[in-house]
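K.L.:
Here is how the chains run, residue by residue.
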Amino acid sequence: RKEVEQDPGPFNVPEGATVAFNCTYSNSASQSFFWYRQDCRKEPKLLMSVYSSGNEDGRFTAQLNRASQYISLLIRDSKLSDSATYLCAVRPGNKLVFGAGTILRVKS
Amino acid sequence: GAVVSQHPSWVICKSGTSVKIECRSLDFQATTMFWYRQFPKQSLMLMATSNEGSKATYEQGVEKDKFLINHASLTLSTLTVTSAHPEDSSFYICSATPGGGNQPQHFGDGTRLSIL
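Just so you know, the sequences run in chain order A and B.
First residue of the first sequence? That's 1 in the numbering used here, and the numbers climb one at a time after it.
First residue of the second sequence? That's 1001 in the numbering used here, and the numbers climb one at a time after it.
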């Protein structure tokens, strides 16, 4: 079993749609959780950290469920510019472990 | 803040050449930096943890003699791919965490390595 698993995707959605990604992790000792966005042939860029109480940043909402060991990302009112690969990342120690990523394609 | 610079961004060279990639933290000191590799349509795979002033810690399956890491200062880590072959062609990315702890990692721009 992979240490971090994500929805395989791709997700093809129309502009304005709400889309949700899930990510599960196997190491219960994990302490930090993040969502990164990666555009084609570019480095990952931090989208948001995920806090225990859940957090929101504009159209993006991240949630953490420690009991079930998953994190989620909700994107509301999708824009064409949201098209990218979304990577969840989990830190059980000082290393960051990434999921394989979920491709999102927002179409007009 | 928290800028990580990586150089070069693109390398094309012949098989057998050794290639050095630099990773710099521009506005913070990093005692630890990380080197990742990403093949097309795959996720980032951690290769090694670079530790300032000491030996790097390599992940299982990564040849330390093939991928030489030097972290001689608090703002610079280098990865040298020795005697590169076509199968080493990949996207190499470094990252560092300002402040350590639970802070997120910030990534360099990545280096796209193509071995002919």
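In case anyone wonders, no lab produced these hints; they're calculated from the structure.
Errors might be hidden in some of the hints.
Restricting the straight-line Cα-Cα distance to at most 27 Å, the calculated cross-link-like pairs of lysine-lysine (DSSO-like) are [stated by the list, open to error]: (1) B:LYS1066 with A:LYS95; (2) B:LYS1055 with B:LYS1020; (3) B:LYS1020 with A:LYS2; (4) B:LYS1014 with A:LYS42; (5) A:LYS79 with A:LYS42; (6) A:LYS2 with B:LYS1064; (7) A:LYS42 with B:LYS1066.
Label pairs and their in silico Cβ distance ranges [claimed, not checked]: (8) A:GLY16 with B:ASN1051: 28 to 36 Å; (9) B:GLN1042 with A:SER52: 38 to 46 Å; (10) A:GLY16 with B:GLU1052: 25 to 33 Å; (11) A:THR18 with B:THR1017: 43 to 51 Å; (12) B:ASN1051 with A:ARG41: 40 to 48 Å; (13) A:LEU74 with B:PHE1028: 13 to 21 Å.
None of the values given here were measured: they were computed from a predicted structure.
Every residue gets a Cβ at the ideal spot worked out from N, C-alpha and C, and that includes glycine.
K.L.:
Now, for every hint given, state plainly whether the structure supports it.
P.N.:
Outcome of the hint check:
| no. | hint | result |
| --- | --- | --- |
| 1 | B:LYS1066 with A:LYS95 | holds, 21 Å |
| 2 | B:LYS1055 with B:LYS1020 | holds, 17 Å |
| 3 | B:LYS1020 with A:LYS2 | violated, 31 Å |
| 4 | B:LYS1014 with A:LYS42 | holds, 24 Å |
| 5 | A:LYS79 with A:LYS42 | holds, 19 Å |
| 6 | A:LYS2 with B:LYS1064 | holds, 24 Å |
| 7 | A:LYS42 with B:LYS1066 | holds, 25 Å |
| 8 | A:GLY16 with B:ASN1051: 28 to 36 Å | violated, 47 Å |
| 9 | B:GLN1042 with A:SER52: 38 to 46 Å | violated, 30 Å |
| 10 | A:GLY16 with B:GLU1052: 25 to 33 Å | violated, 48 Å |
| 11 | A:THR18 with B:THR1017: 43 to 51 Å | holds, 49 Å |
| 12 | B:ASN1051 with A:ARG41: 40 to 48 Å | violated, 29 Å |
| 13 | A:LEU74 with B:PHE1028: 13 to 21 Å | violated, 31 Å |
Going down the numbered hints, you'll see the structure goes against 3, 8, 9, 10, 12, 13, while the others check out.
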